Amino acid sequence: MSLVKRTISSALQNPAASGGNTARRSLLATAAVVGGWLAVNVMAYGHLAVPAEADGGLLAERSTRSTQSNAAASLPTTPFFGVAAVKNEAEPELDLANIPITQLNLVLSGVLSSSVNDHASALVAERGKPAERFYVGQSLPGGAEVYSVEVDHIILRRNGQMEKLTYPDADGRPTVPKQYANYAREASRVISANASSNRADKQQSIRDRLEKLREMARQRQGAQQR
1 MSLVKRTISS
11 ALQNPAASGG
21 NTARRSLLAT
31 AAVVGGWLAV
41 NVMAYGHLAV
51 PAEADGGLLA
61 ERSTRSTQSN
71 AAASLPTTPF
81 FGVAAVKNEA
91 EPELDLANIP
101 ITQLNLVLSG
111 VLSSSVNDHA
121 SALVAERGKP
131 AERFYVGQSL
141 PGGAEVYSVE
151 VDHIILRRNG
161 QMEKLTYPDA
171 DGRPTVPKQY
181 ANYAREASRV
191 ISANASSNRA
201 DKQQSIRDRL
211 EKLREMARQR
221 QGAQQR
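Take 1 as the starting number for the sequence shown in our numbering and just add one per residue.
Hints should not be assumed to be uniformly reliable.
[Stated by the list, open to error] EDC-like mimics (lysine to aspartate or glutamate), calculated; alpha carbons at most 16 angstroms apart, straight line:
| # | residue 1 | residue 2 |
| --- | --- | --- |
| 1 | Lys-164 | Asp-152 |
| 2 | Lys-164 | Glu-150 |
| 3 | Lys-164 | Asp-95 |
| 4 | Lys-164 | Glu-145 |
Source of the hints: derived by calculation from the structure; they are not laboratory data. Since we're looking at a predicted model, the values are computed, not measured.
Work the whole structure out from these sequences, hints included.
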């Protein structure tokens, strides 16, 4: 800074002696010296004049994120208030008496019940086609699903509604095949006839025994009279 002051003071003190040209050269030289000095100072100390708020903000943001991630990682995974029990919603009980008969073109040929619902199955056929075995949960022709298998019918679920599929000659009531019904009636008739015959035989046997006892009593009475 002393060099700049000396140059400016010399130019101001001798303006008349040096003349106009000398004054111009002195001013140019002074400006060049001042410009060079400023340039050197800016290059050497310019970074000190730039505020470090931006870098500080980035560092602070990174530090905050790092702190949050570390805090999240350090939190224990153990539930402080226990684990909420999962409630298994019980399936609603079916009102079998009010379940409508399905209108699907299906024929129930037989049922294979099981204590395990998933293992139960039924023999179902489309009219005019052979029967196939369907398990609970499988889909039937027509878009229905086997919901449950009962002794004399099966429950179908179609479009969220429950329907009942019974044997061909059943109209919502348990029935048995006609041949089996004929066999049952014949067996009942035979059993009744056998029961009647057995009663008659027993009565005849009792009469025979009574007659023998009477005959033995007469023989003893005759022997005593002699």
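These are the hints, each one checked on the structure:
{"no.": "1", "hint": "Lys-164 <-> Asp-152", "result": "holds, 10 angstroms"}
{"no.": "2", "hint": "Lys-164 <-> Glu-150", "result": "holds, 10 angstroms"}
{"no.": "3", "hint": "Lys-164 <-> Asp-95", "result": "holds, 11 angstroms"}
{"no.": "4", "hint": "Lys-164 <-> Glu-145", "result": "holds, 11 angstroms"}
No hint from the list above goes unmet by this structure.
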